[in-house]
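The residues making up each chain are set out below.
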Amino acid sequence: MSEHVHNRLAVVRAERKVSRQALAEAVGAHYQTIGYIERGQYNPSLDLALRIAAYFRLPVEALFSLEPFRPLTDEVYGTGGAGTARTTGRTTT
Amino acid sequence: MTTSTSTSAGPGPEPLAPATRYDRWLFKTMNDARTKRYHATRAARRRIVLAHMATTAVGLAAMVGAFVRASPWLLAALPVALLAWVPLTGFLNSMTRGLLELRVRVLDERQVAERGEVHARAHRAVSWVLTAALLGFYVAWLAGASVADLAVPLAAAGLLVWALHRLLPLWIAALRVRDEPEDDEVEALPAT
Chain W
1 MSEHVHNRLA
11 VVRAERKVSR
21 QALAEAVGAH
31 YQTIGYIERG
41 QYNPSLDLAL
51 RIAAYFRLPV
61 EALFSLEPFR
71 PLTDEVYGTG
81 GAGTARTTGR
91 TTT
Chain S
1 MTTSTSTSAG
11 PGPEPLAPAT
21 RYDRWLFKTM
31 NDARTKRYHA
41 TRAARRRIVL
51 AHMATTAVGL
61 AAMVGAFVRA
71 SPWLLAALPV
81 ALLAWVPLTG
91 FLNSMTRGLL
101 ELRVRVLDER
111 QVAERGEVHA
121 RAHRAVSWVL
131 TAALLGFYVA
141 WLAGASVADL
151 AVPLAAAGLL
161 VWALHRLLPL
171 WIAALRVRDE
181 PEDDEVEALP
191 AT
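From first to last, the protein sequence lines stand for chains W and S.
Position 80, counted from 1, in the first sequence is what full-length UniProt numbering calls 80; the numbers after and before it change by one each time, with no gaps.
Position 165, counted from 1, in the second sequence is what full-length UniProt numbering calls 165; the numbers after and before it change by one each time, with no gaps.
One thing to keep in mind: the hints can contain errors.
As the list claims (entries may be wrong) - Dumping the calculated DMTMM-like pairs for lysine to aspartate or glutamate here, alpha-carbon to alpha-carbon at most 20 Å: (1) K17/W / E101/S; (2) K28/S / E101/S; (3) K36/S / E101/S; (4) K36/S / E182/S; (5) K36/S / E180/S; (6) K28/S / E25/W.
It should be emphasised that the hints constitute simulated quantities derived from the structure, not laboratory data.
If we strip away everything but chain W, and leave its shape as in the complex, we get (with noise of 0.2 Å):
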């Protein structure tokens, strides 16, 4: 059982200019822990995807998701320009 959960967190985190030690002390993680996450190598349970949530303010699932998110300026600016060829099946409201 290992679903893939993938996830914006370096994104996230580099948009917000937030270190992964520093996330990593205000969620209660190792720094590594933060690192694999957003490899994708570890998948956080619900209680830390939450806090990781919490802490940037965000719903949780605009941090995480079980399909592969679209890039952000697709979200941000629609698609159907140059360089949207990653679509995928997730839609956004």
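Guided by the hints, dock chain S onto chain W, whose structure is given.
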């Protein structure tokens, strides 16, 4: 410093005692970044594990040899082996970030799960070694060997199983370590 919480479904985790000053010191020691470069790659980690196995074998051989030959002089190899064994053990603990040395209350959920996996694998391996040793001694007894004949093999097997019981989890944990995540670009950014 991390705080561990259970990931299982159910009524929730048992509250853990807060980290002590010793816990914090050990956590800091085990996460000392100065040794990172010595075990940054998988190849380097394997070399350290193999070197640790070799020095352990030398130490055990010295102890068994001293027992077999009833000569304490062979024990002189023990401190020599220890001179290499102690820093190598430090490297193993460093590369696993103290996975087996730190108390559960300072590990996070991934580390707790990893520790369980490492102990399960080591337990399985040691169980097979114990079974093989018992079968071997049983066969030797059926073949007519006396207890006196088996004294040295018994001592050696006992020492080997004891060493495996103590060290196999550390070796397995070290071999399962993955490369560190790449450098954190956020740390290099100026604060805004």
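Each hint, compared with the structure:
1. For the proposed pair K17/W and E101/S, the alpha carbon gap of about 33 Å is over 20 Å, so the pair is violated.
2. A distance of roughly 12 Å separates the Cα atoms of K28/S and E101/S; the hinted pair therefore holds under the 20 Å criterion.
3. Of the pairs offered as hints, the one joining K36/S and E101/S holds, with about 18 Å between alpha carbons and a cut-off of 20 Å not exceeded.
4. A hinted pair counts as satisfied when its Cα atoms are at most 20 Å apart, and K36/S with E182/S qualifies at roughly 13 Å.
5. In summary, the hint linking K36/S to E180/S is supported, as the alpha carbons are separated by about 9 Å, within the 20 Å threshold.
6. Taking the CA atoms of K28/S and E25/W, the gap is near 13 Å; set against the 20 Å cutoff, the hint holds.
Against the hints set out earlier in the document, a violation occurs for number 1 only.
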